[in-house]
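Going line by line, the protein sequences match chains A and B. Read in order, the letters of the first sequence correspond to residues 1 to 158 in full-length UniProt numbering. Read in order, the letters of the second sequence correspond to residues 1 to 277 in full-length UniProt numbering.
Watch out, some of these pointers could steer you wrong.
What the hints assert, rightly or not - The list that follows gives simulated cross-link-like pairs (lysine-lysine, BS3-like), each with its CA atoms no further than 30 Å apart:
| hint | chain 1 | residue 1 | chain 2 | residue 2 |
| --- | --- | --- | --- | --- |
| 1 | A | Lys102 | A | Lys55 |
| 2 | A | Lys129 | B | Lys141 |
| 3 | A | Lys115 | B | Lys141 |
Don't read these hints as lab results, they were simulated from the structure. Source: prediction; values computed, not measured.
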Amino acid sequence: MKHASVLGLVVALGASHALADIVAPTEVVYENGAVATSLSGAPGDPDSGAEIMNKGAGNCIACHQVSALDHLAFHGEIGPPLDGVADRWSEAELRGIVANAKLTFDGSMMPSFYKTEGFVRLGNAYTGKAHADGEVAPLLSAQEIEDVVSFLLTLTED
Amino acid sequence: MGIRPIALIIAGLAAAGTAWAQDSDEMNIEGLEIVTETEAPEHLENLRTIYSGWRFRTDETQSLQLDDFENPAFVFIDQALDAFDEAGANGNACSTCHENGPEEFAGFTAAMPKVMDGKLTTTEDFLNGHRAETQGEEPWKWSSQDMQQMVALIGLQSRGMPVDVAIDGEAAPYWELGKEMYYTRYGQLELSCANCHEDNYGMMIRADHLSQGQTNGFPTYRLKQAKLISRHNRFRGCIRDTRAETFAEGSDEFRALELYVASRANGLSVETPAVRQ
């Protein structure tokens with residue numbers, strides 16, 4: 001794993017705790033939409049990534065077709081099919097797209113999965129009620145983003 | 001923007017073989033022609049053609065709407081017909097004044113909501129106000145079956161007539177507010193009505209086939225819930241699904257949104273009561 005600039009600062013301040021390796025949603029450094037280093041400081045788990053593609057706050061196949069997940073019913077058509085996506089984008093680019101696709105695709109319909117501010121009428125999950133004051137959790141955690149990215153990296157054409 | 005059209009084209013190609021876009025079926029209910037596709041009204045900048053939600057449904061769901069004996073909403077229409085004759089607190093029934101029956105309301109729904117006495121008024125508002133004044137009755141709750149079956153009975157009297165709501169004059173400020181809401185990206189998913197129903201109608205979103213989100217068939221009978229669904233209930237559900245704090249049924253915001261969404265269907269036939277999955 002490359003631990004580049006973002007984490008460098010934290011380490012320099014003397015933090016040695018494992019949590020210190022997690023880059024907060026508001027601290028992510030995007031370069032042309034791409035994010036160079038792991039958001040959790042740890043590698044991703046592609047099997048867990050495949051689960052997140054199907055369920056919960058990820059539910060990527062609501063909008064994307066993925067042949068590798070053919071065993072699951074109902075793949076959406078809003079975004080492009082993700083087959084071969086690892087041939088089209090680098091790991092850093094994929095991490096940036098999953099964390100905040102709007103920085104790669106201006107005005108994209110794709111939700112920003114690692115973002116915690118700037119929402120209009122933020123709700124409390126799917127209850128329709130207002131989000132209580134206090135900390136906002138991103139749609140996916142740092143580790144979940146890494147898991148999804150590691151799964152996407154398995155999607156090559158050959 | 002930029003990349004979006006390409007992404008959509010790719011998605012469309014990949015989807016070849018699966019159902020996408022509206023079908024080409026025509027609707028005729030026992031001899032009554034229903035317009036399910038027509039040129040978009042001029043005030044609608046981003047669509048050339050508007051389609052009824054019926055065109056996006058499966059053949060099975062579609063067929064239920066073609067025969068009033070099979071349309072499950074008619075159980076509720078019958079109940080509303082009974083209610084039309086029931087005496088209210090002061091002894092008056094609707095039929096006491098409306099001696100010719102609900103047929104007197106032909107054309108009413110096609111122009112709703114509209115500004116009445118300086119206030120944007122929906123059919124629900126009209127019914128509750130009128131009940132209080134003429135029958136001394138308590139208001140019905142917005143999405144209650146008592147309310148929605150009467151809204152459906154009144155709507156049925158306009159079936160086959162073109163939706164024709166006014167958006168100018170006194171209605172203009174409400175319409176502007178509704179339009180602004182339609183294009184606002186709500187909630188943690190940051191999705192607007194337009195993202196789903198204007199940019200992506202015809203596409204699958206998970207197991208759902210997106211329509212243009214038109215309201216000309218409301219109240220609709222929803223098979224999944226086995227009851228009549230109000231317009232505001234549908235709006236609430238769609239906004240909730242963006243992980244947003246939704247608006248209340250009967251709120252001024254939803255009145256304005258109702259006017260704007262209704263205006264997007266100007267030219268399509270009223271289909272009340274439609275059947276949905």
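Hint check:
1. Lys102(A) - Lys55(A): holds (22 Å)
2. Lys129(A) - Lys141(B): Distance of about 20 Å is within 30 Å: holds.
3. Lys115(A) - Lys141(B): violated (38 Å)
Violated hints amount to a single one, hint 3; each of the other numbered hints is respected by the structure.
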